[in-house]
Amino acid sequence: MSHLLEVKDLEVNFALWSGELTAIDGISFSLDRGERLGIVGESGAGKSVTGFAIINLISRPGYISGGKILFEDQELNRLPEDEMRAIRGNRISMIFQDPMMTLNPVLTIATQMTETVLAHEDVSKAEAMDIALEKLKKVHIPSPEKRLQQYPHECSGGMRQRIVIAIALLTNPGLIIADEPTTALDVTIQAEIMDLLLELCESEKMGLILITHDLGVVSQITEKIVVMYAGKIVESGSTTSVVQNPQHPYTQGLIKALPGIIPPGSRLNQIPGMMPNLTEIPRGCAFHPRCTISDTICSTDVPALISKEQQGRLVACHMIK
Amino acid sequence: MVRKKTTVKAVNAVSFKIMPQETLGVVGESGCGKSTLARAVLGLYPPNSGEIHYQDQRIDRLSPQQMLPFRKKMQMIFQDPYASLNPRMTVNKILAEPVYFHNKSISAQAAKDKVAEVMRQVGVDPAWAGRYPHEFSGGQRQRISIARALMVDPEFVVADEPVSALDVSIQAQILNLMMEAQEKRGLTYMFITHDLSVVKHISTRVAVMYLGTICELAPTQTLYEQPTHPYTRALLSAIPELGVQKPKHLKLKGEVPTPINLPSGCVFHGRCIYANERCTVEIPRLIEQDSGAYVACHGVEEKRI
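Note that the protein sequences, when read in sequence, are chains A and B. First residue of the first sequence: 1, per the working numbering; consecutive thereafter. First residue of the second sequence: 1, per the working numbering; consecutive thereafter.
Think of the hints as simulated: they come from the structure by calculation, not from any bench. Not one of these hints is a red herring.
With a straight-line cut-off of 16 Å between C-alpha atoms, the simulated EDC-like cross-links for lysine to aspartate or glutamate are:
| # | chain 1 | residue 1 | chain 2 | residue 2 |
| --- | --- | --- | --- | --- |
| 1 | B | K93 | B | E135 |
| 2 | B | K251 | A | D195 |
| 3 | B | K184 | B | E22 |
| 4 | A | K256 | B | E241 |
| 5 | B | K72 | B | E155 |
| 6 | B | K253 | A | D186 |
| 7 | B | K112 | B | E97 |
| 8 | B | K17 | B | D60 |
| 9 | B | K253 | A | D195 |
| 10 | B | K303 | B | E288 |
| 11 | A | K8 | A | D73 |
| 12 | B | K184 | B | E155 |
| 13 | B | K251 | A | D186 |
| 14 | A | K138 | A | E204 |
| 15 | A | K137 | A | E199 |
All chains should be built: construct the whole structure from the sequences, respecting the hints.
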């Protein structure tokens with residue numbers, strides 16, 4: 001059976017007055033039905049652009065300049081907009097960071113939920129309302145009948161994110177892309193939302209792409225992980241193996257920089273410097289100026305993402321044998 | 001039409017001490033009053049009741065003029081380095097301003113030297129002093145706001161979520177910088193954050209806040225090894241741990257109530273699985289435990305928990 005989603009050599013460019021910027025530089029990964037994938041990296045790594053590219057929502061001056069996105073055997077980046085619309089928000093749903101920005105403040109929850117159902121399915125208003133109610137129950141919202149009649153400002157942050165997830169579920173999608181879904185939420189609420197996402201993926205057999213900067217969150221609910229740096233994948237593999245035994249110096253640095261691993265009060269392991277601006281990505285390996293083990297080859301040749309000893313692990317680094 | 005005036009009781013009957021050269025971490029979820037507490041400590045919000053003492057001197061009733069010498073000793077670092085630096089001032093101006101303010105007679109050269117010295121200490125090239133904040137990255141900007149706090153050689157620094165807006169690798173750089181500055185200058189920190197692993201790393205003692213009150217205050221190790229208050233337990237169990245599949249966190253029922261109509265008794269009773277009659281009527285006091293922790297919980301006091 002083919003994959004649910006396959007991204008092949010995806011490239012996203014931004015055509016600016018000052019020249020072309022490459023935000024995503026040839027990344028490939030795949031996802032099976034019901035599988036959960038985490039995309040991690042720091043700001044500017046291209047994680048969100050990857051998410052938007054999958055649902056063909058890159059707005060000008062950005063455009064997909066190369067590669068393929070295959071979803072349920074359809075090539076999404078070649079679909080005409082009206083066919084894409086039948087997939088976006090229907091077979092693939094997206095959840096964003098800030099639930100207050102995603103929800104329309106002047107419409108009731110009921111209006112916003114039935115709107116989605118009516119746009120994608122041939123049902124009556126009453127039936128759409130029943131579907132909305134069912135999904136609100138699925139995300140464990142207490143007294144959903146009452147919630148439907150309320151406006152977003154009447155709900156708390158965690159409640160709003162649950163509603164956003166319920167909206168994403170309305171059309172029984174095969175894939176949910178969640179872009180930093182809990183970054184704006186408190187830890188206790190974050191834990192609840194993560195529990196919910198995990199439970200839903202398992203019960204509904206949904207694929208999940210979780211985009212986040214938080215390695216802790218990723219390691220809890222995903223099976224596979226992709227680490228991005230400056231528009232490229234530097235390491236990928238099963239979540240447990242990458243987190244427990246990171247190979248790429250960047251992944252290692254990210255994990256070691258987390259407080260909580262070394263004794264309190266001691267100096268944290270810091271990665272010197274910072275993520276390069278897209279206009280000035282270093283030649284060769286983009287990470288080499290910040291890397292502690294780099295050699296001359298790193299500043300001239302781009303390392304390929306290739307399989308290293310461990311099974312299923314891909315690493316893009318010259319220095320790892 | 002009359003608008004009904006409501007009062008938010010952001011911080012309620014909170015008492016604590018900060019020892020010289022220690023780091024007191026204050027954690028809690030959004031809206032629990034940790035930032036309000038930080039600002040009240042520095043005298044930026046006048047308290048409705050209660051007292052604040054700095055080195056045995058009461059400072060909460062001083063006039064702005066009388067407060068001046070204390071302002072020099074107490075500085076603050078804010079969360080968002082994009083919002084806390086004036087975009088129309090050069091770094092040199094931003095850093096020199098507090099120096100001139102607290103030392104009117106300082107010469108231009110001396111001020112300039114001081115700026116260069118502190119910039120070097122926080123790892124920003126002094127040659128960039130003529131640049132504007134927008135020319136720097138988030139991490140660099142946070143270094144500059146730390147430099148601004150250090151310019152007047154303070155004793156006590158209140159840092160309100162200083163690393164929350166930063167990426168992990170930059171966060172590590174800034175935390176290291178703060179720990180270094182503390183060792184070299186003998187600083188005392190009050191470190192406000194919602195990030196439980198950051199606070200564990202940097203603090204000597206930790207205060208856990210919920211809805212405007214401190215529910216537990218303990219040495220860091222004690223708090224993390226044996227959290228006592230039911231809220232602290234739930235909070236700590238919610239930290240996503242690296243490499244641990246399927247979170248097993250303690251679920252709290254309900255949501256944080258609004259601080260406009262505070263619950264009676266223990267503010268946490270509505271969400272607490274151990275709550276009984278007494279918790280709904282009587283406000284628990286912080287009581288010292290055998291472990292050295294101070295816990296405000298009737299259940300703990302009655303040894304039910």
